[in-house]
Amino acid sequence: MRTKGGQISIMIVCLIVGIMISVQFKTTENYDPQVRETRFEDLTNQLNTIIEERDALAQEVLSLREKLTNINNNQQAVTDLQEELKKTNLVAGLLPVQGPGIVVTLNDSKRKVQPGENPNYSLVHEDDLLHIVNEMRASGAEAISINDERITAMSEIRCAGTTILVNWNKTVPPFEIRAIGDPVILESGMSIKGGYLETLKVLYGLEVQMQTADRVEIPAYKGPLRVRYSAPFESEEKAD
Amino acid sequence: MWLLSLFCLFVGLLIGFKLPILLPVVFVKYMSIGILAALDSVFGGIRAYMEDAFDNVIFLSGFVMNTLMAAGLAYLGDRLNLELYLAAVVVFGVRLFQNLGIIRRYLLKKY
Chain Z
1 MRTKGGQISI MIVCLIVGIM ISVQFKTTEN YDPQVRETRF EDLTNQLNTI
51 IEERDALAQE VLSLREKLTN INNNQQAVTD LQEELKKTNL VAGLLPVQGP
101 GIVVTLNDSK RKVQPGENPN YSLVHEDDLL HIVNEMRASG AEAISINDER
151 ITAMSEIRCA GTTILVNWNK TVPPFEIRAI GDPVILESGM SIKGGYLETL
201 KVLYGLEVQM QTADRVEIPA YKGPLRVRYS APFESEEKAD
Chain V
1 MWLLSLFCLF VGLLIGFKLP ILLPVVFVKY MSIGILAALD SVFGGIRAYM
51 EDAFDNVIFL SGFVMNTLMA AGLAYLGDRL NLELYLAAVV VFGVRLFQNL
101 GIIRRYLLKK Y
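So the protein lines, in turn, are chains Z and V. With the numbering used here, the residue at position 7 of the first sequence is 7, and numbering never jumps. With the numbering used here, the residue at position 22 of the second sequence is 22, and numbering never jumps.
Everything labelled a hint here was simulated from the structure, so no lab data went into it. Take every hint as true, because none was put in to throw you off.
Pairs of lysine-lysine, DSSO-like flavour, derived with a Cα cap of 30 Å:
no.: 1; chain 1: Z; residue 1: Lys-170; chain 2: Z; residue 2: Lys-222
no.: 2; chain 1: Z; residue 1: Lys-67; chain 2: Z; residue 2: Lys-86
no.: 3; chain 1: Z; residue 1: Lys-110; chain 2: Z; residue 2: Lys-201
no.: 4; chain 1: Z; residue 1: Lys-4; chain 2: V; residue 2: Lys-18
no.: 5; chain 1: Z; residue 1: Lys-222; chain 2: Z; residue 2: Lys-87
no.: 6; chain 1: V; residue 1: Lys-109; chain 2: Z; residue 2: Lys-4
no.: 7; chain 1: Z; residue 1: Lys-170; chain 2: Z; residue 2: Lys-86
no.: 8; chain 1: Z; residue 1: Lys-112; chain 2: Z; residue 2: Lys-170
no.: 9; chain 1: V; residue 1: Lys-18; chain 2: Z; residue 2: Lys-26
no.: 10; chain 1: V; residue 1: Lys-110; chain 2: Z; residue 2: Lys-4
no.: 11; chain 1: Z; residue 1: Lys-170; chain 2: Z; residue 2: Lys-201
no.: 12; chain 1: V; residue 1: Lys-29; chain 2: Z; residue 2: Lys-26
no.: 13; chain 1: Z; residue 1: Lys-110; chain 2: Z; residue 2: Lys-193
no.: 14; chain 1: Z; residue 1: Lys-112; chain 2: Z; residue 2: Lys-193
no.: 15; chain 1: V; residue 1: Lys-29; chain 2: V; residue 2: Lys-18
Covered stretches of chain Z (in silico footprint by chain V; criterion: 3 or more residues with CB under 8 Å from a CB of chain V, positions within the stretch not fixed):
no.: 16; stretch: 9-17
no.: 17; stretch: 20-30
Here are the in silico distance ranges between beta carbons for each label pair:
no.: 18; chain 1: Z; residue 1: Ala-56; chain 2: V; residue 2: Leu-19; range: 36 to 44 Å
no.: 19; chain 1: Z; residue 1: Thr-44; chain 2: V; residue 2: Lys-109; range: 50 to 58 Å
no.: 20; chain 1: Z; residue 1: Phe-40; chain 2: V; residue 2: Leu-107; range: 41 to 49 Å
no.: 21; chain 1: V; residue 1: Asp-55; chain 2: Z; residue 2: Thr-44; range: 43 to 51 Å
no.: 22; chain 1: V; residue 1: Leu-68; chain 2: Z; residue 2: Ala-56; range: 42 to 50 Å
no.: 23; chain 1: Z; residue 1: Glu-60; chain 2: V; residue 2: Leu-68; range: 47 to 55 Å
no.: 24; chain 1: Z; residue 1: Thr-28; chain 2: V; residue 2: Leu-100; range: 17 to 25 Å
no.: 25; chain 1: Z; residue 1: Thr-44; chain 2: V; residue 2: Leu-6; range: 37 to 45 Å
no.: 26; chain 1: Z; residue 1: Thr-44; chain 2: V; residue 2: Leu-68; range: 27 to 35 Å
no.: 27; chain 1: V; residue 1: Leu-100; chain 2: Z; residue 2: Ile-12; range: 17 to 25 Å
Beta carbons: idealized from backbone N, C-alpha and C, even for Gly.
Chain V extracted, bound-state conformation (with noise of 0.2 Å):
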């Protein structure tokens, strides 16, 4: 399972880099947000899935609205000149890392 997703990580990866898109340097900062959490999210729904806890719904509305909600925070952040995004990335950043080890330890048991 998490080998499949890696698998498709890499493909997005080399999709990305294929496509002859450039962001505007303006959004950079909001993407870079949108990404924690959408890593964010898709960790945490692996962890679902290897708990038998996945829901399709919540993963993929967590996942838009997070990365949306990140990106929309950073800017406002940036409106109210308040470094908002902090939140985001402190918040996003420890579930990552929660996740994270719930991952590695549940791949731990099952080798």
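This is chain Z alone, in the form it adopts within the complex (with noise of 0.2 Å):
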């Protein structure tokens, strides 16, 4: 039976067959089945392996890319911690400054005790030290010592006999009140009408001087930082 449709079907299958040997052609020339055969399981494990090491790696890069940025934010941290240390060491005292400011010196008066008089009424006591240093900070002092000795927040000045506490220790007369602030400001502060320099200088004859400076020198505070007793509110119940 030589049809016209066997000899069309023979060449039909014959294109296909012709088609299918050349792509395996194409495919075993660009796969080479030696390779693929001995060294497949190698080239497995291989890929595995480095997969594995790949995320590894991608791991590490994470985690050090967390490590980067905290560093950075450390650095930024610490910077900013030092600063705030820096500020707070300047409010405590703990610094010593320098700037314009005033300098108000005290004496007890020369002028010669006359009978019946009480004699308490010429020499400089520790309240007027007080006064005087609440009249400069009212002012606007920033930083006030006397006789260096810096006054901070807990500074005491004290009666202690013939001599005054000043941070525990043993100050005599002349007293040299320094203060740090604006000269102007605490000048005419200081020397009010009727204010306590003047009733100091006028009243009782004490010698007071007073003059402002463009650049007044304080020392830092030197005795030791004791906090026993108190402690910071823990954050949670921080009052309000």
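Got two chains here, separate frames each, mind docking them using the hints?
Given below as structure tokens:
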């Protein structure tokens, strides 16, 4: 039965076989079967190892990146903290400071004590110093010292016999009270009419000198920092 | 007749090389068995044609079935870890050479 259909189908099948063979050729050319047979497992193992390594490295990259940001944050935090610490030390009086301000010198009266007069009136008392310091604070003083004793938040000015204790150190007249602040305001605050300095000077006859200066040097608080009883609030129960 | 078949085979090769198709590596083995079966079918068909015993349905179904069966056998062998494709190779290879010999004889008789 040599039919036309038979010829056509043989031709078509030959065509298909040709296509199959050429595709196979191309494929085997690209993938050497020898290599595929012998090294397939090797390559699979290598691939798996490398994939694992890559994953581990990716993990490492992540953690390193995190550490880097942490370090950057830490550096930022450290500089911030140092700045804050400096500021706090400045306010607390733990750093020697200098700046424009005022110097008030106080001494006992040189006037002879008249008979019947209370000799205490011609002496400089601790409350005189307290009043002056208070006045200076009210006038915007940022740092105050009495005879090179820095006045801190906890500094006492207390009468102790013939001397006055400041920061538990005895001082004697003449008292040199230095304050850093706006010299104009400080001076006007100190020399108010009827103010304390004037009273001391005029009423009690104490020796009072006052002068403004462009540069006043105030030493740091030298005493120990003891905090034995007070503790800060925990952050949760922070007082509002 | 056989010249026509050869011509078609070449055309198919050309088309295949031009086609941007690449077989996945996994299928290369099955494809080779399939090609062997297809070649066997083609030669069987040519032989039948020359013997005047050609049946279109048998030829086409044989082509398709043999190809698929051979590939499936190879696949099954792989799954069973048994080199079953060797059976296909042997059978189709023997038949291929038989058919080729018969075709050659016919051609020699003819010319």
